[in-house]
Every structure is written in C-alpha cells, then in structure tokens.
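Protein chains in written order, with the working numbering: chain A, 66 to 312; chain B, 66 to 312.
Please note that the accuracy of each hint is not assured.
It does not matter which identical chain is meant; a pair holds if it fits inside one copy or across any two.
[To be verified] Below, in silico cross-link-like pairs of lysine-lysine (PhoX-like), each with a Cα-Cα straight-line distance of 25 Å or less:
1) K192 with K307
2) K198 with K70
3) K70 with K192
4) K307 with K198
5) K106 with K70
No wet-lab data here; the hints were simulated from the structure. What you are looking at is a predicted structure, and each value in this text was computed from that prediction instead of being measured.
Each chain is listed here by its residues.
2 protein chains.
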Amino acid sequence: MTETKTGTLFGVGLGPGDPELMTLKAARVLSAAPVVAHFRKAGRPGHARTIATAHIRADVIETAFEYPVTTEIDFRDDGYVSAIRDFYERSAASIIVHLQAGRDVALLCEGDPFFYGSFLHMYDRIKAAHDVKVIPGITGMSGCWTAARAPITYGDDVMTVLPGTLDEGALAKHLKDADAAVIMKVGHNIAKIKAALHSAGRFDDAIYVERGTMPGERVTRLAELGECVVPYFSIILLPGGKGRRIT
Amino acid sequence: MTETKTGTLFGVGLGPGDPELMTLKAARVLSAAPVVAHFRKAGRPGHARTIATAHIRADVIETAFEYPVTTEIDFRDDGYVSAIRDFYERSAASIIVHLQAGRDVALLCEGDPFFYGSFLHMYDRIKAAHDVKVIPGITGMSGCWTAARAPITYGDDVMTVLPGTLDEGALAKHLKDADAAVIMKVGHNIAKIKAALHSAGRFDDAIYVERGTMPGERVTRLAELGECVVPYFSIILLPGGKGRRIT
Numbered sequence: 066m067t068e069t070k071t072g073t074l075f076g077v078g079l080g081p082g083d084p085e086l087m088t089l090k091a092a093r094v095l096s097a098a099p100v101v102a103h104f105r106k107a108g109r110p111g112h113a114r115t116i117a118t119a120h121i122r123a124d125v126i127e128t129a130f131e132y133p134v135t136t137e138i139d140f141r142d143d144g145y146v147s148a149i150r151d152f153y154e155r156s157a158a159s160i161i162v163h164l165q166a167g168r169d170v171a172l173l174c175e176g177d178p179f180f181y182g183s184f185l186h187m188y189d190r191i192k193a194a195h196d197v198k199v200i201p202g203i204t205g206m207s208g209c210w211t212a213a214r215a216p217i218t219y220g221d222d223v224m225t226v227l228p229g230t231l232d233e234g235a236l237a238k239h240l241k242d243a244d245a246a247v248i249m250k251v252g253h254n255i256a257k258i259k260a261a262l263h264s265a266g267r268f269d270d271a272i273y274v275e276r277g278t279m280p281g282e283r284v285t286r287l288a289e290l291g292e293c294v295v296p297y298f299s300i301i302l303l304p305g306g307k308g309r310r311i312t
Numbered sequence: 066m067t068e069t070k071t072g073t074l075f076g077v078g079l080g081p082g083d084p085e086l087m088t089l090k091a092a093r094v095l096s097a098a099p100v101v102a103h104f105r106k107a108g109r110p111g112h113a114r115t116i117a118t119a120h121i122r123a124d125v126i127e128t129a130f131e132y133p134v135t136t137e138i139d140f141r142d143d144g145y146v147s148a149i150r151d152f153y154e155r156s157a158a159s160i161i162v163h164l165q166a167g168r169d170v171a172l173l174c175e176g177d178p179f180f181y182g183s184f185l186h187m188y189d190r191i192k193a194a195h196d197v198k199v200i201p202g203i204t205g206m207s208g209c210w211t212a213a214r215a216p217i218t219y220g221d222d223v224m225t226v227l228p229g230t231l232d233e234g235a236l237a238k239h240l241k242d243a244d245a246a247v248i249m250k251v252g253h254n255i256a257k258i259k260a261a262l263h264s265a266g267r268f269d270d271a272i273y274v275e276r277g278t279m280p281g282e283r284v285t286r287l288a289e290l291g292e293c294v295v296p297y298f299s300i301i302l303l304p305g306g307k308g309r310r311i312t
C-alpha cells in the first residue's frame, strides 16, 4: 500500500458579498478544490456558498456545517458555549477525514478568514497536524464603507472596530477615544449601540449599512433608521477625517 | 458638435501586494480602462503599477504622479502641507482633463481606496463634478496578518488601528485599551512605537511584518528584530484572542 499524501485545508476569504469582490486567488483555489465546506444557518443555502457558486466544480464533494444555535445568543451563556464547542469539534473532525484521505478542502469564509468568524475555530483545531493555507479576503466592513461612499480613515486617524456585543459603557468609552469607528454585530444590540453613540456625542455622524455590496443593500444615516429589527451582520460606521491635514 | 459623455473615475483597490489578491472586479475594470493613473515615489516604478501590470491594456494612456516630498516628513510641517496640497491639486486637474474628454480613468490604489492613502485626496476633489466609483481591496494590514499566520480578532475582541505617527503617550493609551491592534506607518517611528509597546506591557506579543504577501516578505517577533532601519509601510501587529470564548 502506498502512503497517501494528506490534503491541505484552504481558508478561502470570499470578501463582503458581491461575488466579483472575490480575489483571483480565491477563484483559482475554489475551481480546483475537490471538497468545499461551509458554515450556514440551519435550513438556509448560506451566504458564503452563494458568493462562491460560480467557481465551485460540478463534481465537488460538498459539506455544510449548520449552526446548532443562533448567533444571537449571548457568548457568555454556558449552554451556548457547550453546544457550539461540540459543533466545532464535529466540523473539524469532518474536515480532517478528507485531509487524511488526501483531499484538499476549501472552507468558504465570508469576509477575511483571520478577522473574526468561524474559520478561526477550525484553524486552531487543525493547524498543528495538517497543512493550512489562508487566502485573505475583503472584510465586510470594507464592503460597507465602500457601499456608503464613506472614506473611513484619513492621514493619522485612529480607527477602532467594536463588536456590538460589548456593554454600553465600554462602547461609549471606545467611541469617544477613536477618530473613526466600525461597530459590527449590530442585530439586537442596536438600542444599546444608539445609547452609546449618544453618550459619546457621535450619534449624528453614524451611518447604518445592511447587506453592503449585495442585493438588498441598504445605507442610511442611523438617525433616519427609526425603530426596527435589524440583522446581526449589519454594520454601523463612524467615518474619520480629523486626521486629514491636507484639504 | 455632439456632446461628449464625461468619463468615470475608478478608484481601484489592488490589495496588499500579491497580484493574485486583486479582485475579479478590479481585474475587469483595469483591462477595460483607457487611462491608468497612479502615485509613486520619484524615480520608482511604483508598487501599485507593479501589482496591476498583468491587467493593463497595451494601448493604455498612463499617468504617474510622483510625490514631491517623502512620506516620511511630518504631516504637521507647513512646508510639507503646502507642497503636497499643490501636488494633489495638479494630479486631480490632470485626471479631470481625461474625464472631461470622455475617457474613464482607473486610479490604482494599494490596499483599499477608502482606508487611508492618496486616493482620498482625489476623491474629495473630483466627486462633486464627476462620476466616481470605488472598488474595495484587501487592506495591507490584512495581507500582513495573513502572512504572519496571526488571526487578528476572535469573538468580541476590540481592534484598534494606529498610525505610528501618533505620539508615544497616545500610542500607549490606545494599546492598553485594545484587545488587538495594528500599527501602520512604522518607518522612523519605530523607536517610539517600541517604547509605547513596552509602556503598555505588550511588547512581547508584537509581530513585525514587512512587505506582507510580496517578494521579500519578512515576518518576525518585534523582540527579535533588533536595531535597524525599517520601511515606512511596514506594520506591527498585536493579535487578539481574549475575545475567544470557545476553545
């Protein structure tokens, strides 16, 4: 029996949503991959899979990992942590089966694989024993500030990226200290985020972006958004500009 | 005489340096553009031009804008501000000549056009009177954390981007407050940046990256870099991970 060469796990950054904002490298790796894996909400086709569609081989082996719980549950909840840890263990084990059989696996990642997101939990579990290659992608926030036609940083601006899951005091403190800011994971955190923006004196500058670079894209001043339910992956931008010395 | 349709200015994000990390959209727009413009240091071919080479038309009209002063001069120096303002005025005027003649112009941007950089000075001068479209790109910092195999943010990490031009006290304060940090524009600021990292208690975690994703790429712990002259566009990373709740 000849020894099988083990496969490589590719973390493939797909960018912010517009399939044309994928890189040439991501398109090349996807079109060669015998196995494609991706995370998705139960019962949905999955954003990542939708972005990648045009580049996936007809004879691909496809594996979808369906989150057992909603992303909206609090991270610090013990039941959540236990359920999602088991889920990540099983997902990693499923990838490793292919790698051990000598098949490369392309794991689809919305945005950039090393900037938040589920890929990191696979990376941390697989990198020690297997070859892992990461292809960076345009972040969702970059897609959003482009969609909003809002240059985010000039000159010597400081930019801070804040998960909307932080408490109001922490959000307000960081918002006061930064020239530019991006608030991710808005969803049910929106009332708290609005309060923090008011308390930092920055509410009027905030821009709300939903589905940036995708069909159904929505860009509005946060002050004009009104009361409504918003998706978890929407983003709020505070563009910089104080660092702009040359006008 | 028939009226000429005026051209569109495309701000084309080229990504962090590896030409294959350009987007499909950037490649398409470049291959159609009758005029390509780019900024560069005097006497150099220019990074942006080098990244884009494979996609530029053989019959293209090419315009290089050569910086009149080094990027290493202090932003707050009056002579610098005056020289560079004149330079941006002339560069914008030169682009507008093409737009008024009905020719689209692709302005090459390293990284992402709306994240720092000279494109913004063209955007602010041209957008009111002409059509401007922006194609986002992978940021240089994203190329650097990928090159360093250093996931930058997990879970609810706060990430701060700091220009190395800030003073030591401001750097240290922001470094203390963030989970993850990226320090841009290192160059001759390196001694000050090291002092700020020490004072924030984070020196040992810092990673130095030069020419991320490009030939000559260099990744090392900052503690092992030693005393040396480093390029302006090198980057220092402080990876996050405190926000990682699930291991």
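Going through the hints against the structure:
Proximity of K192 and K307 under a CA criterion of 25 Å is satisfied inter-copy only: 20 Å between copies versus 41 Å inside one chain copy. For a Cα distance limit of 25 Å, the shortest separation of K198 from K70 inside one copy, 16 Å, qualifies, whereas the shortest one across copies, 46 Å, does not. For the homomeric pair K70 and K192, the shortest alpha-carbon distance inside one copy (16 Å) is at most 25 Å, but the shortest distance between copies (54 Å) is not. With identical chains, the CA atoms of K307 and K198 are at most 25 Å apart between copies only, with a shortest distance of 24 Å across copies and 38 Å within one.
Taking the shortest alpha-carbon separations for K106 and K70, neither the intra-copy value of 33 Å nor the inter-copy value of 46 Å comes in at or below 25 Å.
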